[in-house]
Every structure is written in C-alpha cells, then in structure tokens.
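Both chains come to you apart, so use the hints to assemble them.
Okay, here's what each chain looks like letter by letter:
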Amino acid sequence: MWVCAFAVRADLPDHQVFPAYGQQLLLWAVSERGRTEPEVQAAQKLADQGVETWLLDLVAAYFLPQLASSMDAVPPQDLVGLLRAAQASGKRVAVAAVSRAAVPVLRAAAALDPVERQRLCVMLMYPNLYTVVEPLAEPDFLIVGSLAGLRVQVLQPRRSAATPWLPGLLDHLARQGAVTRYVILENLREGWWARETPTEFEMAESRRMDAMLLRELNNGGCK
Amino acid sequence: MKRWLGVGMLALVLAGAAHAAGLEARSATSAPELRASDLMGASRTLADYRGKVVLLNFWASWCPPCLREMPSMERLRVKMAGRPLAIVALDSAETADEVNAFLSRMKLGFPILLDPDGSNTKRWKVFALPTTFLLDAEGRVRYVLTGPTEWDEGEALGAVESLLDEMSVTAK
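These protein sequences, in sequence, are chains F and X.
Take any residue in the first sequence, count from 1 to its spot, add 929: that is its number in my numbering.
Each step along the second sequence adds one to the number in my numbering, with nothing skipped, and position 49 is 41.
A portion of the hints provided could be inaccurate.
Once the Cα atoms are required to be at most 20 Å apart in a straight line, the calculated SDA-like pairs of lysine to any residue come out as [to be verified]:
1) K114/X / H1101/F
2) K114/X / F1070/F
3) K117/X / L1065/F
4) K114/X / P1093/F
5) K114/X / P1068/F
6) K71/X / S22/X
7) K44/X / K114/X
8) K114/X / T1092/F
9) K117/X / D1100/F
10) K114/X / L1099/F
11) K117/X / G963/F
12) K117/X / H1101/F
13) K114/X / S22/X
14) K117/X / P948/F
15) K974/F / P948/F
The hints are simulated quantities; they were obtained by calculation from the structure and are not laboratory data.
Since we're looking at a predicted model, the values are computed, not measured.
Here chain X stands alone, though its shape is the one from the complex (with noise of 0.2 Å):
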C-alpha cells in the first residue's frame, strides 16, 4: 500500500513518531543489490548474509527515531542469539566519522555498514528514516517498515518469528 510521503515522511523525520503505522507484508520479491563496507572497510554483499533471515535497518546518527529504536535491535539480538538471523544496519549518506561518534555512545552487537554517498539508499528507494527490510532465507523482500518500533516484541518480534519459522519448516 502506498503512502502519502508529504505526511508521513515528515512526520516521523521531523516529529520522530514513537512507533510506525506497521510492517508491510509484501510478495516475496527480489531484494536489490546491497554494496556497503563495515566499519573496518570490508565489502558487504546480501550474499554475505544468504541462508538467514535479514533485517536491514536504513538509519542515520542524526536521526531520532531511529536511535530510539536502536536499543530493541540490539536486544532482538541478543534475544536470538544461536537462531539464523542477521541484523545489518545501514547508515545513509554519512561518512565513518560521524558513525564511529555514534558508536562511541551507543554499544552494537550487530554488524554497522555505510553507505557514504546513498547509492545503496537509492537503489532501495529509501524516502524516510529509519526504514527496514526484512529479507527471508533466500534473500527476497517480505515485510517493509518505514519509521521506528520497538524490534523485540509485538508484530516486529512476530514477523521475524515467522521468517525463522518458515525455515524450520523448509528444513524438515
């Protein structure tokens, strides 16, 4: 379903909505390229993370919906330690520096990737922050979110649950 940008975007850019409307089922569809660097300078691809369950969260460091759900990624995290889930944040069109500031006063147990000049925030036609994908086992699109929300309880939780579900039972 789309949405109308003029309200929602600035919405939560400027007023920083606690939580967003909710996560978009979508058709399993393709997931576009991703082609990041961590903090360390390594290239990252979504192959890197192939035959887990992803959620990769758009964020920025000035951006303050999306430090406030950034705590409840790290707890999903340690929530699902030993299960088949990645948690890729992507910082949108800032340099390292200003990251590595950020990190310096949040502590992350997941992976931080960058995206200086936006081309990965392009090619997934990013509009707000924060947005989040979740990716399933094969790398393909299932649910969108755009704005913040809280990633280890309620609807989130669940929809992460049943990505990680599908693949018990691909297993079997």
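Excised from the complex, chain F in its bound form (with noise of 0.2 Å):
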C-alpha cells in the first residue's frame, strides 16, 4: 500500500503524492469544487500502474470558497515552483487540470523558461477559459500568457454546454501558441465522476477514469 504524503516543499502549495517507480509523473490540479474520492482512488490507481500522481486541490490550499472565480486568485508563481519540482524528478511530467483549474496551469505554463514549457504536456478537463460571457454575445477567453511549444490537450464531455465552443477555445490556444488537440468523451457530463445522479455510464467512467487519463496521457503524446 502505498503512504500519501503531504507539502513535499514548504514553499508549494499543498498536494496529495501517490509515490510510484515509473518515469512519469502526472500533476493532476482538480477542479473549483475541490477534490472528490473517484479523483483521490484514480490517483492511487495510476501510480499503482506506474505513474507518480500529485493530486492538487488549489481551492484547498489557499482557502479559497469553491468557486471558479478563485482560481483566478492562485498564485501562478507557486505552481510554477510546483511544475519545476516534479520536472526535477526527472521523471517526464504532465499535468491534468479540471475546469478552471486551467487558469492557474495554463498562468504557470506561460511562466516558464520556453525550453521548461516544451517538456510539458497538459491535458485540460472541459476547461473554463472565458473571462465574460453573454448571450447573444461572442465569447471572450482570458489571454494567459505566451504558450509556444506547450502540448495541450482538451478532453471534452460532449454532454456540455461547451462542447459547441469548443473550436473557438481551441483556436484561442492555437493563437497563443500551444499545439492542441482535443477528445470528445462520449456520453459523459461535466464533473461525471461527482454528479448527484450519475447514469450508469458515469457511474463506470468513474471507476476507470485512472484507464482513461492514462490513454488519453499515452494518445496524446504525454508518454
């Protein structure tokens, strides 16, 4: 079994380690709503499969109210110093980040050297870009920052109310330089794995989001 470990350095936010022997580590920032179970088991399941997982709450470490809006209030120089760590691993990293926990990673990214940020992959979870939104009015996504070099890719839930904007988010990271690509999940909603009444389906997905972020690592060229 494996010990979790808490705040490896003083200086980085804290964050939930699941210790594995394989060469990759995979920074995992979970969403405004704070860390759920199905998040905290798939993290144990993939670095029993090899893959050191650091599980973040940025809500949590900050005392921040659940709220999207907070993760615009992350010190994007803490999570810089949090990247920089787990690239001093050695072991090949790659983050994941839920909803608009994208903003903080994404800040981080832009914040580091170009030769850093070219080492990294990022898979980001139906994120939340935008800065103001109306309807009847075209969309504004925040602009973070240089992204040259950074793989970025963008798991989508095709049950969202995103998943028509989804071109329009990708060419916005495009022009900021990063090399997107996205994957449509099938037959899921946001936030899947913590609905008050999941369908069968998610109920499942749930169960093998560990199987699925490992594909999706390994697809998109995280490996």
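Shown next, in the form of structure tokens:
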C-alpha cells in the first residue's frame, strides 16, 4: 500500500502525493469544486500502474471558496515552483487540470522558460477559460501569456454546454502558441464522477477514470 | 449586464441551481436567425411564430435544471391557451433519438426543435443550459434568462404577461 504524503516542500502548495517507480509524473489539479473521492482513487490506481501522481486541490490549498473565480486568485508563481519541482524529479511531467483549474495551470506554463514549457504536456478537462460571457454576445477568452511549444490536449465531455464552443477555445489556445488536440468524451457530462444523479455509464466511467487518463496521456504524446 | 461565467455557468450545469438570478430585460434587439427542424423533420424558423410572443428555451436532455423547469413551461402553455404565445424548446446538440428517449418520459404539448450540430446554439451565443429568450411579437429579443425558473409564476410569468399586454395595447 502506498503512503500519501503532503507538501513535499513548504514553499509549494499543499498536494497529495501518490508515489510510483515509473518514469511518468502526473500533476493533477482538481476543479474549483474540490478534491473528490473518485479522483483520489484514480490517482492511487495511476500510481499502482507506475504513474506518480500529485493531486492538487488549489482552492483548498489557498483557503479559497469553492468558486470558479477563486482559481483566478491562485498565484501562478507557486504553481511554477511545483512544475519545476516535478520536472526536477527527472520524470516526464504531464499536468491535468479540471475546469477553471486550467487558468492557473496555463498561467504557470506561460511563466516557464521556453525549454521547460516544451517538455510539459497539459491535459485540460472541459477547461473554463472565459472572461465574461453574455447570451447573444461573442465569447471572450482569457489571455494567459505565451504558450509557445506547449502541448495541450482538451478532454471535452459531449454532454456539455461548452462543447459547441470547443473550436473557438482551441483556436484561442493555438493563437497563444499551444499545440492543441482534443478528444470528445461521449455520453459524459462535466464532472461526471461527482454528479448527484449519475447515469450508469457515468458511474462506470468514474471507476475507470485512471484508464481514461492513462489512455489520453499516451494518445496525447505525453508518454 | 455581463455575468462571470466561471461562477454562473458551472454553478448551473453542475449544481443545478433551483432558480436563476433573474430575467434580464434587454432593449429590443433583432433576434438571431433560427434554422431548426422539428421532430417530424419539418424546417422551422422564427417566421413561423411571427405575430406571437415567443418563449425560446435552449435545453438538453442531460441537463437536470433544464428538465426541472420544463413542467412549468407546460403549465404556462396550458394557462395561456388561446393567447398569442408560442413556447418553443430547442434541444442543443443532441440527436433526435436522445430527445425522443426523453420525451417518452415527459409529455410536453409545445414544439421541440432540434439543433444537432449546435449551430443555433452558437448563433444565439448560448453558453449555459438552460438559457431562455423572450421575444416580442415583432421577433425582437426583450428578455434573457440564464438558468432555470418556474415559468408559470412570479417574475417570469410577469414578463410573459407584459409582452402579451403590449400586443393588446398595440392592437387598440
């Protein structure tokens, strides 16, 4: 059984470590709704399969309310430190960010040196990068800085109001220099692992979240 | 007034808020084009409802808040029978099979339109579900609501009544 440790360094945001002997490290920033049990279980399963996983609950780490806007208040430099600590492990580092956690993760990636950024691979699960939106008006996406050379893969549940807007989001990321690809997750809704009334399929996919992440890590060239 | 979507949209979609913040009145603006088909495959545009107040609701069968407000739309339809109100529910980016599966569980008397490729959703700039537009009899957008409500009571019913009253005044 693996032992989970907290805060490997005092100057880095609290994170839960699931150590593994493999050469891959996944830094997983959960959504603004906080860490959930299915995510903890998936992190453990990933570690069991050799992918060291650092589970990061940013709103909890900074004692922020569980709101999307809280993610905008996370200091990017702290996350830069965490990314550098992960890369210093010598393992291949990928980052997964859920919903609005995409904002601090991309800001941190933009603050990296170009060489560090090109070594990174990012998976964004239904990213929320809007600034403001209003019905009948064009969407406005956040500018996070240069993402030149950053590999970004978007995992988008089909059953989401954001799915029709995915092409615009990908264009926005590409304009900032990211190399993008996307995967549509069929028959799933945003946060399917934490739904009040999940479908049978969503429940099954929650149990298989580790396999999905591993598959997309490999398909997305993060391996 | 603009809303922070980071807070608004995800709160609606994930938590399924019981009521939205409220109807937003708009200065009368031309409505975007609506090009959809009904469940029988017939083409539908806003011109089909010209001369009526239109409640255009964007929804999806996977969206709990959308389903929660639908019975109130049906009650509104019954309450407004004989008056010039068209209630139209446009399903966003689902297949006819998915919509029909839902309709087998909930009987609704107002028309359901399909938008399988999401093109209407994009043209109307809908970022959260449900989103509802109230159009006056000239086809202009007068109110917008992001999130669910009880359409047969309170502020929502008042907005519908006010648009119907405008028609009565104009006719006199």
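Checked hints:
1. K114/X / H1101/F: holds, 16 Å
2. K114/X / F1070/F: holds, 15 Å
3. K117/X / L1065/F: Holds: K117/X and L1065/F sit about 5 Å apart, inside 20 Å.
4. K114/X / P1093/F: holds, 7 Å
5. K114/X / P1068/F: Holds, because 10 Å separates the two Cα atoms, which is no more than 20 Å.
6. K71/X / S22/X: violated, 28 Å
7. K44/X / K114/X: Distance ~24 Å between K44/X and K114/X Cα, so the pair is violated.
8. K114/X / T1092/F: Roughly 10 Å separates the two Cα atoms, so the pair holds.
9. K117/X / D1100/F: Distance ~17 Å between K117/X and D1100/F Cα, so the pair holds.
10. K114/X / L1099/F: holds, 15 Å
11. K117/X / G963/F: violated, 29 Å
12. K117/X / H1101/F: holds, 17 Å
13. K114/X / S22/X: Since the Cα atoms of K114/X and S22/X sit roughly 16 Å apart, the hinted pair holds (cutoff 20 Å).
14. K117/X / P948/F: violated, 44 Å
15. K974/F / P948/F: OK: K974/F and P948/F at ~11 Å, within 20 Å.
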